[in-house]
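Each protein sequence line maps, in turn, to chains F and B.
Per the numbering used here, residue 1 is the first one in the first sequence, and the count goes up by one each step.
Per the numbering used here, residue 202 is the first one in the second sequence, and the count goes up by one each step.
The set of hints was computed from the structure by calculation and includes no laboratory data.
It is possible that part of the hints are untrue.
[Said to hold, decoys possible] Below 25 Å or equal to it, Euclidean Cα-Cα: the simulated DMTMM-like pairs (lysine to aspartate or glutamate) are:
1) B/K308 to F/E198
2) B/K308 to B/D328
3) B/K308 to F/E8
4) B/K369 to B/E316
5) B/K422 to B/D397
6) F/K22 to B/E309
7) B/K422 to B/D410
8) F/K22 to B/E312
9) F/K22 to B/D328
10) B/K422 to B/E359
11) B/K369 to B/D397
12) B/K369 to B/E227
13) B/K422 to B/E380
14) B/K308 to B/D374
15) B/K369 to B/D391
16) B/K422 to B/D411
17) B/K422 to B/D389
18) B/K369 to B/E351
19) F/K22 to F/E8
20) B/K369 to B/E309
21) B/K422 to B/D222
22) B/K308 to F/E121
23) B/K369 to F/E191
24) B/K369 to F/E8
25) B/K369 to F/E157
[To be verified] What follows is a list of derived Cβ distance ranges for each label pair:
26) F/E8 to B/T255: 52 to 58 Å
27) B/K308 to F/V176: 45 to 51 Å
28) F/R133 to B/Y212: 30 to 36 Å
29) B/G325 to F/I72: 33 to 39 Å
30) F/A164 to B/R267: 46 to 52 Å
Idealized CB from N, CA, C, for every residue including glycine.
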Amino acid sequence: MNVGGWYEPGSTPLHRTPAGWKFLVLFVLAGAVFLVGSPVWLAAICAAVALGYAVARVSPRRCLQVLRMLAILVVFVLALQWWLLGPVPAIVMCLRIVAALAAANLFTITTRVEDVVSAVERGLRPLSRFGVRPDRLGLLVGLTLQSVAALSTIAAEVREAAKARGAERSVIAFTVPFLVRTLRHADELGEALAARGEGDG
Amino acid sequence: MIEFEGVGHHYGDRVVLSGVDLRLPERRVAFVGANGSGKSTLARMINGLVQPATGRVLVDGLDPSRDGREVRRRVGFVFTNPDSQIVMPTAGEDVAFSLRRSGLPAKERAERAAEVLAQHGLAGYADHPAHQLSGGQKQLLALCAMLVLEPAVLVCDEPTTLLDLRNKRRFVDLLAGLEQQVVLVTHDLDLLGGFDRVIVLDAGQVVADDTPEPALRHYRKLVT
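So here's chain F without its partners, still in its complex pose (with noise of 0.2 Å):
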């Protein structure tokens, strides 16, 4: 998984929207998609969002990877249901799923991160006078994703150690140096922060 990969640079209307605004879209639309009952209404809901795409010229390589990652969860879940309560809900399940989660890719790929992060720290700003720190709460934004990425390194590092020892099915083999990599980078992580003045206040 990459998640520096999310991002798509692009000027269209979509990414030029302040991120604010952006999320509390996102935010209410992923509301209203639970609310809405009717298959017709959720379909139009979908339809809107697939709008979006084409407004964001997001290149169809990215819409294929947004494709297939639904398609694998929409079979998956219409099959379920289907047998559990039949075909209307179970559609209606999946066109919910489908909007919600093509519009929060439509989020990632046209927002930076750094936007993101300055909005909820612009958000959060009104609670500092009761001691919650925005800029804090914005970095932990970042150091979330970035963690993600560090970790799913080091897991596929250690695993192809393990591998080339022929020892991929040992839990301790794995654990153990995910562990020791894991604590490490966490001090590296902390001393190239404390390196560039975070903490000092």
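Guided by the hints, dock chain B onto chain F, whose structure is given.
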């Protein structure tokens, strides 16, 4: 100027530095020594990442253990592994992250970041996912993230260890052209050609302090 006065340090019972007295006015200084010789610990004291157990460190008259913030504004630090230094998803965002306290509006921060990237061989990479860069490019990015703050001193802790020969050369050429005072901790002895002063550490003590050639001759004798 960087000064060490009677600096000593230990991790538990293991003494890593003892009685280090140095004044470093030169523009290009290198710390050389075997693994565990204390050279990284010494370098980390310059910006207060490690505080000496005895003695003191001064950077332009400021003590990093008291005025850490002020000192870290003057001293940039590049680590061995760029993967742990990059905290933002794209190259431009990561460099702009350094400027978050500068008071500049976001747009100007992004422009400054792109400028610095372009000056150091990463033109056009501002929107590129940072973790998809090559090892050499990542280290350049880590360097840019420091240089955008225009520090007076740049400390580099074995910055070329993970790089191939070409990127190693490129990184060192870049260092050579900087206006900053550079303190380089390294194992790559052939990179020290243009340096004013090489300090050799062994078991936590300064055992040679000279121009590169005699200092490295001493170091080679020490390890053979």
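B/K369 and B/E309 were given as a pair; does the straight-line alpha-carbon distance stay at or below 25 Å?
With a Cα-Cα distance of about 31 Å, the restraint between B/K369 and B/E309 is violated, given a limit of 25 Å.
Does B/K422 pair with B/D397 here, judged by a C-alpha cut-off of 25 Å?
holds, 21 Å
B/K308 and F/E198 were given as a pair; does the straight-line alpha-carbon distance stay at or below 25 Å?
holds, 21 Å
Range hint compliance [Cβ, F/A164 to B/R267, 46 to 52 Å]
holds, 49 Å
Going straight from one Cα to the other, do B/K308 and F/E121 come out at no more than 25 Å?
holds, 16 Å
Hey, B/K422 versus B/E380, does the alpha-carbon distance stay inside 25 Å?
violated, 33 Å
Does the Cβ-Cβ separation between B/K308 and F/V176 fall within 45 to 51 Å?
Between B/K308 and F/V176, where Cβ atoms are some 47 Å apart, the hint holds.
Does the alpha-carbon distance linking B/K369 and B/D397 stay inside the 25 Å limit?
holds, 20 Å
For a C-alpha distance cap of 25 Å, please report whether B/K308 and F/E8 respect it.
Status holds; Cα separation ~18 Å.
Given the hinted pair B/K422 and B/E359, is their Cα-Cα distance within 25 Å?
Cα-Cα ~21 Å, so holds.
33 to 39 Å was suggested as the range; check whether the CB atoms of B/G325 and F/I72 agree with it.
Cβ of B/G325 to Cβ of F/I72: about 35 Å, so the range 33 to 39 Å holds.
Check whether the Cα positions of B/K369 and B/E227 lie no farther apart than 25 Å.
holds, 23 Å
The structure is inconsistent with the numbered hints 13, 14, 20, 24, although it conforms to all the rest.
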